[in-house]
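Chains R, H, F, G, E and S, in that order, give the protein sequences.
The numbering of the first sequence is the working numbering, which starts it at 1 and goes up by one.
The numbering of the second sequence is the working numbering, which starts it at 1 and goes up by one.
The numbering of the third sequence is the working numbering, which starts it at 1 and goes up by one.
The numbering of the fourth sequence is the working numbering, which starts it at 1 and goes up by one.
The numbering of the fifth sequence is the working numbering, which starts it at 1 and goes up by one.
The numbering of the sixth sequence is the working numbering, which starts it at 1 and goes up by one.
It is possible that some hints are incorrect.
No copy is singled out in the list; a pair is fine if it fits within one copy or between any two copies.
Stated by the list, open to error - Simulated crosslink set (SDA-like; lysine to any residue; CA at most 20 Å straight-line):
(1) K4 with V74
(2) K4 with G242
(3) K4 with A37
(4) K168 with D71
(5) K168 with S200
(6) K4 with E75
(7) K168 with G91
(8) K168 with R270
(9) K4 with Q38
(10) K4 with Q213
(11) K4 with A175
(12) K168 with G77
(13) K168 with R92
(14) K168 with I44
(15) K4 with R277
(16) K168 with E197
(17) K4 with W72
(18) K168 with V74
(19) K4 with G256
(20) K168 with Q213
Since the hints were derived computationally from the structure, they do not count as laboratory data.
Protein chains: 6
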Amino acid sequence: MSPKLPPATRIEADVARALAEDLGHGDLTAALLPEQAQLSARVIVREPAIFCGRAWFEETFRQLDPALSLDWQVEDGDTLAPNDTVCELAGRARPLLSGERTALNFIQTLSGTATVARRYVDALGPGTARLLDTRKTLPGLRLAQKYAVRCGGAFNHRIGLFDAILLKENHIAAAGGIAPAVAAARHQQDAVLIEVEVESLTELAEACAAGAQRALLDNFTLAQLRQAVSEFGQQLELEASGDITLDTLAEVGATGVHFISTGAITKHLRAIDFSLRFSD
Amino acid sequence: MSPKLPPATRIEADVARALAEDLGHGDLTAALLPEQAQLSARVIVREPAIFCGRAWFEETFRQLDPALSLDWQVEDGDTLAPNDTVCELAGRARPLLSGERTALNFIQTLSGTATVARRYVDALGPGTARLLDTRKTLPGLRLAQKYAVRCGGAFNHRIGLFDAILLKENHIAAAGGIAPAVAAARHQQDAVLIEVEVESLTELAEACAAGAQRALLDNFTLAQLRQAVSEFGQQLELEASGDITLDTLAEVGATGVHFISTGAITKHLRAIDFSLRFSD
Amino acid sequence: MSPKLPPATRIEADVARALAEDLGHGDLTAALLPEQAQLSARVIVREPAIFCGRAWFEETFRQLDPALSLDWQVEDGDTLAPNDTVCELAGRARPLLSGERTALNFIQTLSGTATVARRYVDALGPGTARLLDTRKTLPGLRLAQKYAVRCGGAFNHRIGLFDAILLKENHIAAAGGIAPAVAAARHQQDAVLIEVEVESLTELAEACAAGAQRALLDNFTLAQLRQAVSEFGQQLELEASGDITLDTLAEVGATGVHFISTGAITKHLRAIDFSLRFSD
Amino acid sequence: MSPKLPPATRIEADVARALAEDLGHGDLTAALLPEQAQLSARVIVREPAIFCGRAWFEETFRQLDPALSLDWQVEDGDTLAPNDTVCELAGRARPLLSGERTALNFIQTLSGTATVARRYVDALGPGTARLLDTRKTLPGLRLAQKYAVRCGGAFNHRIGLFDAILLKENHIAAAGGIAPAVAAARHQQDAVLIEVEVESLTELAEACAAGAQRALLDNFTLAQLRQAVSEFGQQLELEASGDITLDTLAEVGATGVHFISTGAITKHLRAIDFSLRFSD
Amino acid sequence: MSPKLPPATRIEADVARALAEDLGHGDLTAALLPEQAQLSARVIVREPAIFCGRAWFEETFRQLDPALSLDWQVEDGDTLAPNDTVCELAGRARPLLSGERTALNFIQTLSGTATVARRYVDALGPGTARLLDTRKTLPGLRLAQKYAVRCGGAFNHRIGLFDAILLKENHIAAAGGIAPAVAAARHQQDAVLIEVEVESLTELAEACAAGAQRALLDNFTLAQLRQAVSEFGQQLELEASGDITLDTLAEVGATGVHFISTGAITKHLRAIDFSLRFSD
Amino acid sequence: MSPKLPPATRIEADVARALAEDLGHGDLTAALLPEQAQLSARVIVREPAIFCGRAWFEETFRQLDPALSLDWQVEDGDTLAPNDTVCELAGRARPLLSGERTALNFIQTLSGTATVARRYVDALGPGTARLLDTRKTLPGLRLAQKYAVRCGGAFNHRIGLFDAILLKENHIAAAGGIAPAVAAARHQQDAVLIEVEVESLTELAEACAAGAQRALLDNFTLAQLRQAVSEFGQQLELEASGDITLDTLAEVGATGVHFISTGAITKHLRAIDFSLRFSD
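Given only the sequences and the hints, what does the whole structure look like? Please build it.
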């Protein structure tokens, strides 16, 4: 089962915004083509990648001309080899040319995120630890990137500030300690996960005693992570975070933590090289 | 004189969208702090960078609490060294914590683009060639990225499909050749730049004769570029494009072309590492 | 600490919509008053109530004339007696008259919800069980009503379909049982509460074994609730639901369940009677 | 002929807003069902009611999946008996489950208003007096509620401040009396009804002489109402208002007034109990 | 007392739309001025006119820079002579230049409408007949033009299809005659003016008997108008319409009709010539 | 090939706004017709005109009822004779009547602009000079009017402040002369036309030397225009502007300038008289 897409209205809005910034008051160049001129084209990828962004690509052309035909060869999450055909398109030339760059910008960006997520998941290897993203995302593209992360095989941490509670130093200090902070959090909102950021095993013990459902272990050494797992791993969920790299992922995963989170998969981006080739 | 910012309404919209995706129906964790609790903090950068994004950062906090005070130490386009302080903030703790991630996401992204643009400009070195961006941008962030490109010292190609005409293979074929395509373009819209994409010196000669104001020289060799400059460089503007890298920039610039354009500075992203540190 | 308000932009949107439907292309009657005519007035309540809606009331007049002065005598959550003065207003007569009905509509509605929530909380009495609302709300006013529920002393269940998972019969059947449904839910989204709706102690045992964090006990008898608490109350959270009335609340609470949820406090409404009295 | 629905764009906006507050960034639970899983269901009502809200119910599912089939058994304004089937639905399970609560919230609310309106109309009994609503409505749902009122057999007073003039004490005082106030109103806007609120027969005489088209008789006794009708009922329309209850409606109607208005039918709400039952 | 302005939100929206179409992604030319450069200027008019549009002019500059100072010499409805100074402006040069054309476009358009309305009112001369506008307006500018009409001394017919009922041939035929059409109209909506379009004295008699509040006399001769006034002028309001010109206005008014309506004052436009002069 | 329409989303927005201002909360009169009543009608023109506005007319009815049938007899840019049939319509009576005025308002306005543009083009006569519009347009209708101008056979100057640079007195003074102003403009934005407003041949020489691509010759005499053409006409484009009338157009064109621009074709408006006739 492929990951759940964001709501259609969000995808529509993402695309409408991107088209508006590219089209402004109209595509001056496409206007030079005869109104009914037809064109065929296909999208190919020029490098290995995990594909992501089909719904945004489709929506781009749908907003310009619902009569264009798109024949997909791949689905989100598929592994692509160089020169694989992704999609074949046919229809009126004007909307095809007007939407080309916007549509490609979406798939080059989202496939870029899915591809790096897959690289991290592969580096982590099999085991129980799950790779999570963070809120370090490209402004305006969070839901799209969170979806791309899942297409790459990783998992989502909270979407935003509204769907889980993460108690950090400031919140804990204001509440007078971990225990009262967790209690206040439970009082505030009963139906969300409560996680506490801890910087030592002592704080982890407190978070556990306070009834936190998860602890974010900030910059723990491998030895500390192993101890955390052995002492508290049955009682609450443990999430390793801080300076995780492709090189260290496997050994962090081997400590037995339940989750590893990293901002690198969404805040950096290596766009995938796609190209729209017109038929002769 | 610093580059011109996008219109305030665009910056407001960029920020409103980013805050909406992070805040949803409210920041559950910040709600745990007393409503009037105060906090001081400063933003530092953890690596060398060209700074960009001040207006988006400010707007983020302005939308949450116009009473927060921000004391800036830098301006867009400034060069930052590791651990430089970027800004000092003070005010109510809730909006400060609620806006932290969104505000940082903007400056880490836009400074990332400005920094890579500067690296390309530095690699190009002094001379007459100007580095241009393209329309390969992060969906929804085009105007912001185009501004960051200018902060990095490079220049903007057209903003979108509406403010210049770029005649490519399809348009030329539909019009029956370069000359009729340029003529049609001039007829369509008198007040915009008309550029023709050419793949050979023969096509360049045609574009020149047709009265094009600029030619995009697609994947020309260095020798071809030099010949283009010597034969046509006085008659129309020449823009080199295609597989430009940091390594080849200087020698492409040395051919005498007026512009070099590359999608790499806006489609990839290495976010800059900023951190919000709270005062003790 | 008073409950956290919805984001300011939501309150602004609630008010803008309500003003638009009342004002249309302008208040024809207020236009008859001299533009600079001044007026003083006070809002009184005509029956006992829990007050709620101050931010919406203020925003209504702020959108019409930010120069109006409002002097509040009460805060959200306060208990009002008949004829208590809620707020004194002064300023230009036109915006005061144009906003009167819209502003009153908000406080009569939200105080109505807060007041009934308090009645239910009082009926439940002291003890460990918390009263929760549901998603049975007035269309377009969910966040406002959820806030009013907290002002009345009750708690919020999930805000919508996006911030917690509630597995019902259909989901369980599709997944092939409670255990695979819970496993799929955990796989889908790690950072949210997972609750299972159960109709018998057997199903409750399954949900507990599957690792659900909470169970919604649908239409359990008091005896069943007591047994559920004694067998599973230490392992997962228990929520009683179904045909809860003011008369049965106390005895349901006495069974030891952690939560009791009811749609009655938000789907029905007895508006509170407020009046805006102008000074002589 | 059934009452005229509000414009389609308003219904779309009502529904889009309600879906947005329920769905947020997506229905986490529905995502667990296979994307193509099918479901059949029917909506039944569990208590006697006047039905209202079909267009909002339909629009909810249309926005989620236009391919769902809805087979209606009733129309707006129909009288429902307990367990009557209202509508049968079939199609993909995900949108059916995602829209269930939002769609039901609309019909439970609007049928609630239509049902109470019918109770008041029935209590008023046959005769010439018409029952009118007021502007005391649920914020954001005015047009929908005004439509429900008509489905219940009552009539609409003005929609808002923009489509009729109602001169109250403040306007009259500012104008220097009823006659100059009516004259100013006629001067301001020629194409709307002008009504004057009066508190005595003397004021009613003034309003009549001034050329008002209707008078709102505020808190008149039955004797006063009868005298108003006999003296002025041929010259202008008379509307009784103030503390009208189900018990007093018939005798107020019997006085011969043309209209009786009450806020009770729209400001309070007893939601009707509907249920979506899935087929085995 | 000057006419009532449309709601501030409408004026804001009119201006935001006009600025957006002029500014797009930014004023390229104004960007060449130093950010803090200051400028003074004054608006003068170059021909006789009735002024209208101050609120739109102000709002234009307010959206660009609230710190600009505007010193007004005139008010809406004032009579201007050539070279009169309308307003003096001072502040930052960039927003002044960016807003110049948009601000002038509003006052040249709205003063154009106010000026022609005044010419028609003057041609009508003193007497009881009022000059009314119609719904033949510039798309998107109806409320603004209706306001300008009042500034010129004329009056507004209905704003749109929603605030009065005008029964024409099709409605009457569908209802089976004037009497049933008026009855249906009264049943549909009690709080609005009901007007019937008639083409003969016979139809006027029917409309009068049916209880219509006003009749639109379509293309009546002067003799017919006089007869209509003498027979029915005490019983319902009479509005002359159809091919009214400046030359015929006075004699139509002299027939005694209550209203004369014409589309000419809003569908045609002779913009007034304003100029923004910068100080030396 | 007919001129390129503005983007569909702009036309949709133009129409949605116009319908909203006419329909408000609903067409009270159309509601009196049976919901399924059918009607046929045709639009005729009552005076000679150049037709423009088909897309806006169609969109008006599409938003009200996509099932209406429209059978067009003309295209944008066609020459109409009095009583020509423009379009035949058939379908449900309610949407036909509700959309009539809004649809006609668009074609009467846009055909008015196209017709006057054609009159100016005809007056200019054959030759090389092109007639250009300006930014003096009806607020909110710029793109629509710019399209109408092209339908009339004239050409568009820049759309707004964002797609070309026009250096006027203030910009030149701030930059310290024409040469530095042009240099700054080229530095600011490489991909747009740079035009300089000049008031003498000396300034024109400076603009030419500075590399401006076009000069706006403000209020030049015919002799000055001829001299400008002979001295500089090969080096840059020349645009005559200022007090151009129908009478002077031909002789200005005969001077050999490339462009003549005038605000008169868009700031004034003589609406064309169209009528919707219903079939018997």
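- Report the numbers of all earlier hints that the structure fails to satisfy, in ascending order. 2, 4, 8, 10, 12, 15, 18, 19
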